[in-house]
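The residues making up each chain are set out below.
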Amino acid sequence: MLAAHEIALARLRKDVAALEPGACRRGGASFRLGLPTLDAALGGGLARGVLHEVYARGQQDVAAAAGFGLGVALRAADGRALVWARQDLLDIEAGALYGDGLAAFGADPKRLLVVRARDPTGVLRAAAEAARCAAVGAAVIEIWGEPKTLDLNSSRRLTLAAGASGVTVVMIRLGAKPAPSAATSRWGVAAAASAPLEANAPGRPAFEAALLRHRAGVGPRTWRLEWDRDRASFESAPLSRFVVSVPAGGPAVADDGAPWRRAG
Amino acid sequence: MTARHGGAPAEPLVLVHSVKGALRLAAASREASALGLTFGLTLADARARIPGLVAADHDPAADDALLARMAETCDRWTPLVALDPPHGLILDITGCAHLFGGEADLRRRIAGLFRRNGLATRAAIAGTPDAARALARYGRVPIAPPGGEAEAVRPLTVAALGLAEDVRRALSLAGLTRIADLADRPSRPLAARFGEDLPTRLRRTLGEEDRRITPLRPRPACRVQQMFAEPIAHNDAIEATIRDLLGKAMELLEAAGQGGRAFEASFFRTDGAVRRVDVATGRPTRDVAAVLRLLRARIEALADPLDPGFGFDLIRLAVPVAEPLAQLQPQFDGETREDEAVSDLVDRLVARFGASRVLRFSAADSHDPTRASRLVPATSLVAATSASPPPEEPGEPPLRPLRMFDPPQPIETLAETPDGPPLRFRWRRVLHSVARAEGPERIAPEWWREPDAPTRDYYRVEDAEGRRFWVFRAGLYERETDRPRWYLHGLFA
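Sequence order for the protein chains is A and B. For the first sequence, counting from 1, position 224 maps to 224 in my numbering; every step adds exactly one. Every number in my numbering is 264 more than the matching position in the second sequence, counting from 1.
Excised from the complex, chain B in its bound form (with noise of 0.2 Å):
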């Protein structure tokens, strides 16, 4: 599966990575393989063998990515796939064959799709995930029967159980080589020389014990999809799509008393491309109208355009999360009505923007003012539970700014005192002379979370031209500091 190179030359290609040190095989292609070369080996004595060996860089992270893209790719034929580092991916494809035929048909059609995109793959279908693993790297089934696992790993290598590098030397100085050796053996005395996890193995390659896969997708809570004979690349035919499955998916969710919260475009293309959509709700909805709004206005956004090359074959719209939906009473009052307007304007929104760019204000329990109040994602669920500052005393003047700086921007004073309000400031290198004053306001840091922070006096001044400041000094003068630094935090309206 490293055969990243689609269409390589006939020459032996290997990929080396360092080891100690060492330069050594990390992989073998088909041609480098058959000359014997395998993993481990240096590079200089496989250049000594072959002199006109191709070597290049093992990237990992390179394969890591194809092998998630071809994950991706799966995700067509089954919604259970999931990875096996380091080169391997398990699906789990009960109930999905008949789909295409039949399991041989869909064996063939998976390695089909990678073979036109240049890929060598090996894939092989049993009763569990350990047994098809087994097969497929080390084994000649393409497909163990029901039941006959046990039979078709028999012959195999002891390799092929995926065990340990020093258990499976210990097997071989115990001349344990195939797995027919060990299958007929008790497992007891295997477990106390060969440690716990080889017979575990052993019964799930032989399709004794099931064990279960992380899929790399959690299973949605409704899917729909249309598959099409004649691949579709036009806007309106795509669009269409969507508006029938959109309806489909929420008959379902009808049905189940649901609304979903979250819902997925994705657009399978041919040559095995996959790209998703997804857009976010406030509330359950099953509303087709407004959810492909959401899902339009976020396909107008992306950074680079859907893209379907030579047609979409599948298009499938999942409903990831769903949450119970009645049907709504309107009140009298239409204040629901209200609140549910805005909501869908905050869903419109966030499927334009990015959940990260409509905020709501939440406050929090804290005197310390930067902390107090702060901007959170508009869908998040501190924003729906959130308390409301506490008012303030009829009467008064605002004490709080209408903005604030972040970091609060350093100004230079002139005071009477040490320890009063300034007289004269300058800021953005305008001067302001300070007419009115009020303060100081004491606010200590929180020491928990900053214990070398100053207490900050703050005060709210006006300058000569009416404008008013928020300002302050960090720093308690000749306790905490002999040079109090000056601080504009915000301004008033």
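Excised from the complex, chain A in its bound form (with noise of 0.2 Å):
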């Protein structure tokens, strides 16, 4: 009767496994980020054709919200076109995409598609219809605040489309408090302090991105990370530099009195 039991839990185990969205996708099953240790704490890296969820930390993250979303979408991408559905309103909360910027940060613009719609069902819309593309790398969706539209049904509905053409799908959502949804994993990004250059001069994109959740079961974790333009990857940020506020004038003196050293 046990091995019966179990027989049935089993085959139900696959049932269920089948079910899952991104069980039917095509290709390469995962991208890598491109640290080793972080690939290896997510299990070979990110699912390709499913949902990722990039929430703002706070109102002053959402550059870095969509640095790391966009790094991430790369990464999926591979040199394939990238799809950005972004609301109007986002120009004036939280600045209008600018192609040199893009193409400093790595992504080419000349590969990237830009629909602006009026509202977030726009936005889900045409994601959706970019989701279902197989020709495109990654689709990135830029949302503001919690609007009503974007329920666990629609999350799902990107993700059924995904799973079914394999496109990678990145939602950044900037002033938003993490919501349910049927993303596979959602990661809470804050800007971090950059490994200075000489004179002091601000570094590489730096991020706080922490795991909030993962479907496979990967625990609650915080990487500081760096993201190399030239590698089209991401890196562990330098611990070692210690950050802290110089005066842009002489130099700096620590409570105990002993002058910092300049970092760079």
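One or more of the hints may lead you astray.
So the derived list for chain A, only partly shown, Cβ under 8 Å to chain B, looks like this [to be verified]:
hint: 1; residue: Gly67
hint: 2; residue: Val114
hint: 3; residue: Ala134
hint: 4; residue: Ala193
hint: 5; residue: Ser194
hint: 6; residue: Pro202
hint: 7; residue: Pro205
hint: 8; residue: Asp230
None of these hints come from the bench; they were simulated from the model. The beta carbon of each residue, even a glycine, is placed where N, CA and C say it ideally should be.
If you follow the hints, you should be able to join the two separate chains into one complex; please do so.
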């Protein structure tokens, strides 16, 4: 009897697994983010052909979230076309997309298609249309706030569209609290101090990325990451360089009177 | 044709407009005309003659709109419809009349459709547009037989030539009142006395010289249509018709070695209203299913749905723009196929959201950051030919922000020196203390565009929390301004 139960249970597990979104996806099952320790912790990278969510942790972290989301999308797209669907409202709230800046980040503006929609419903529709097109490398959705149309159903619909075509969908949420959805992974991203260059110049893009949820059961963890444009890959942000605000003028002095050494 | 009040009361009606401070008649209804009221009479005089006169304001814009709608309606009989302002339409029915049972039948049909919609029209058919116009306005001959124009227009008054007011007065002073009076005279003395315009118009009205008309809509590359004896209103039937028409159009295009870049479906309602739905594709195509999908998406996205009313009695599909399309051989690397798929996606998105909302970046040769890169419609030619921005130095951090604000956002700053980077700044009520800064990168304005714009000193700054900003100081300290203003222009990742 016990054996029969186990067989039934195993069959049920298999059926449930087959029902999971992304089960019928084509091509490689996952893509690497580029940092070996991060990929290992995620079990070989992030899944392709599913929905990943990136939340900006604070109102001021919109650019960091967009940068991290774009990095993930670029890794997933692997040189293929990128579709970026966004709301009109975002131009005022979080700034418009800037071609030269995208190029400086490592995204080829010529391979990028931008769809502007008036409302979140339009954004989701455009993204679903893009997610159905297998020639697209990745679709990026950027949505401000917590619109009613963005519920469990709509994210499930996106996941299904992505699963059928193998297009990875990255949803960047700005000004919103993490909410339940059909996303495979959910990240909370904040800006992090960069490793300074000569003369205390700001360095490469740096993020503090917290994995809030992962479908495969990877526990919550936080990484400090840097984006390496030349290799189009995430790197570990060097922690050895101490981060402190240094006045632009003379030498900074710590509380105990000992002078700080300038990093860089 | 200004009888806009269909089924109007039997009282005489006039439309008035203001000329040099006096209200004068702009148009008179049939009843009013019968009482001797004519164009140009003052309203006061007219009221004195006819006490029960109904007067309304003349609205030329509404007249023009009505005429344009009527022109659309006439599109069902011939593709060459031209406006003859202020009150006329000219239809070139060469080669069309036999489709509607001959010229007399066609004329009856046109008048009948407008009459059912409460419009009184006058129509005439002749060999040249000017002869037809003269006959319609002043004549009694509905159809001038081929070569019989001269005979038909000879008895008409010279007003039928459509001459300027002063020429007409001069003719009447000379005692020339009928076209026949002019037709037999040599044209040279006429031209010398009344201007070059007169003999030309005379020749055209007499049918001796033809004139080109400028149709409202250019002739499409390919056009197919389906007429219905019984009007159709059901969605499935409409879609099946469009599919059939698309199939026929594609065959025609294939025979010509062409593919369509734009498609237009026109729906003619039984009451004369016409609705058009058009889609454009990024490259020439002969794919029936793809175009049908685009049309369907476009119809779904219409703000006011396609209302069949009592049904459509004619559905037409035109291909206004066609380009050569050879059979494509897929490349081995599959890249062509991928580009094609993305271009199909662009078409689908454009059909749903409109061309102005599906965009690509276009790089411009400018050092002004706001002009260097801008978004242009993905279907435009600029998007296809644009160059990539120059690659960045390896190892450098991004020197241009991922996000830009347009216009730049003003910030309050505290700087140690007037020409140094800011120490602290406040943006959207949050105070940021600057931990790292690089700059200035001085960007001079394009003086040939904005002569008075100040020079900008850009700084890349990072605050204590690690957020990176692109800020600038507008104006060189002491040289351009004493109190330079600061702006936040972009956000780095």
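Evaluation of the interface hint that places aspartate 230 of chain A against chain B, nearest CB under 8 Å:
For aspartate 230 of chain A, the interface hint holds, since the closest Cβ of chain B sits about 5 Å away, which is under 8 Å.
With a cut-off of 8 Å on the beta carbons, see whether valine 114 of chain A makes it to chain B.
Holds. Min distance 4 Å.
Using Cβ atoms only, decide whether glycine 67 of chain A comes closer than 8 Å to chain B, and label the hint accordingly.
Holds - the Cβ of glycine 67 of chain A comes within 8 Å of chain B, reaching about 2 Å at its closest.
Does alanine 134 of chain A hold up as a contact with chain B if the rule is Cβ-Cβ below 8 Å?
Given a least distance of 7 Å, the restraint on alanine 134 of chain A holds.
Would you settle whether the hint for alanine 193 of chain A is holds or violated, based on the nearest Cβ-Cβ distance to chain B being less than 8 Å?
holds, 4 Å
Given hint serine 194 of chain A near chain B, where the shortest CB pair must fall under 8 Å:
holds, 6 Å
Interface hint compliance - proline 205 of chain A to chain B, C-beta minimum distance less than 8 Å
Nearest chain B Cβ about 4 Å off; hint holds.
For the restraint on proline 202 of chain A, tell me whether the closest CB of chain B is nearer than 8 Å.
holds, 4 Å
Checked against the numbered hints above, the structure violates none of them.
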